[in-house]
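*Asks:* From first to last, the protein sequence lines are chains A and B. Just so you know, the working numbering puts 43 at position 34 of the first sequence, and the rest follows in order with no gaps. Just so you know, the working numbering puts 126 at position 101 of the second sequence, and the rest follows in order with no gaps.
It is worth saying that the hints were derived from the structure and are not from the lab. Don't take each hint at face value.
[Said to hold, decoys possible] FRET-style restraints, in silico, Cβ to Cβ:
#1 B:Asp100 / A:Ser156: 34 to 40 Å
#2 A:Arg109 / B:Val150: 52 to 58 Å
#3 B:Pro38 / A:Glu92: 39 to 45 Å
#4 B:Pro38 / A:Lys215: 34 to 40 Å
#5 A:Val136 / B:Glu144: 19 to 25 Å
Yeah, the Cβ is synthetic: ideal placement off N, Cα and C, and Gly gets one too.
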Amino acid sequence: MSGNETKDVYSGQFSSKLRVELEQLTGSINDIMKNMRKMQNPILESSEQLPVANEQLDKITAQTEQATHKMLDMVEQIIEHQEQMTILSDEFGKFLKRSRSKDRDVFIEKVKRINEMSSISQNNAFVIMDALQFQDITSQQIQHASSLLEDIGVRLQHLLAAFDGKELSDDIVLAKKKDRAYDPNADLYDGKDQNEVDNIVNQVVKS
Amino acid sequence: MADLKILAVDDSPTMRRIIINSLKKAGYSDVQEATDGKDALAKMKVNSFDFVITDWNMPEMDGMTFVTNLRSSADHKSIPILMVTTRSVQDDIVEAVKAGVNSYIVKPFTPDTLKEKIEQVLASV
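Construct all of the structure, not just a fragment, from the sequences and the given hints.
*Replies:* Now the structure itself:
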């Protein structure tokens with residue numbers, strides 16, 4: 010066998026091996042494409058569900074805010090009524106001081122007790138009001154969750170566009186994101202103690 | 026104390042209401058509200074205020090941009106500013122004070138803390 014004939018034999022063997030490899034590769038790519046097409050529908054469905062989830066979260070924020078404001082209405086009424094009660098009992102106390110009744114001192118003590126109880130109720134109303142700050146903090150946590158869902162939605166849209174061999178423009182991506190203002194670390198219980206905050210402020214002011 | 030004109034800036038209607046009620050309890054009843062920095066600047070153009078209480082995270086114009094705006098304006102460069110926010114990271118507090126905030130409160134707060142900080146700021150300016 011001449012040198013050229015030997016080359017042809019090796020070349021023929023190589024091309025048939027290459028052909029087999031390429032056929033296997035094509036098969037694998039086709040399988041991947043089939044699987045990707047199978048994935049396309051669930052991704053599309055998920056991407057369509059995300060705005061619904063976001064709407065639900067926005068609804069939670071809105072309804073919690075409504076309920077909080079109803080509670081604030083009541084708390085404000087309690088505070089106002091307590092203020093009026095204090096004014097009235099003060100007037101009554103002044104009247105008693107001018108009275109010559111033998112039970113005068115007993116009633117003056119009772120009026121004092123009413124004022125003390127009224128003051129405690131008013132402070133309790135403010136404690137309820139303080140607790141209602143939860144609504145602002147949890148709404149920021151919900152905003153953060155909504156923003157993360159929007160990010161996932163945008164990534165899914167990119168993936169779906171890639172399936173169709175397209176690229177998503179920045180305008181479309183930005184249009185899908187709402188302008189949300191929130192602190193991603195907002196927390197009702199894990200915030201810094203006010204003394205720690207004051208120390209930091211004082212250090213910066215001194216420096 | 027009763028004559029102090031305060032502007033309370035917060036995008037949360039709940040927080041604005043709580044701040045206004047806490048201020049009333051502390052004896053400050055002349056309070057106006059704004060929903061963000063942009064709204065606050067517009068209100069400060071037509072009204073004069075003695076004290077500003079502002080949140081940080083707000084749409085349109087956030088608290089830091091608002092504070093920077095005030096500190097660079099001739100009319101408001103020395104107005105006392107108290108920041109009331111959920112942001113409690115040390116770097117944030119440092120950044121706010123460097124930008125010109127006089128004092129800083131982390132939410133949730135009590136009316137007593139709010140009163141104490143206002144008094145401290147007023148005594149220091």
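*Asks:* Could you run down the list of hints and mark each one as holding or not?
*Replies:* Each hint tested on the structure:
no. : hint                            : in the structure
1   : B:Asp100 / A:Ser156: 34 to 40 Å : 36 Å, holds
2   : A:Arg109 / B:Val150: 52 to 58 Å : 54 Å, holds
3   : B:Pro38 / A:Glu92: 39 to 45 Å   : 23 Å, violated
4   : B:Pro38 / A:Lys215: 34 to 40 Å  : 37 Å, holds
5   : A:Val136 / B:Glu144: 19 to 25 Å : 21 Å, holds
When each numbered hint is compared with the structure, a violation occurs for hint 3 only.
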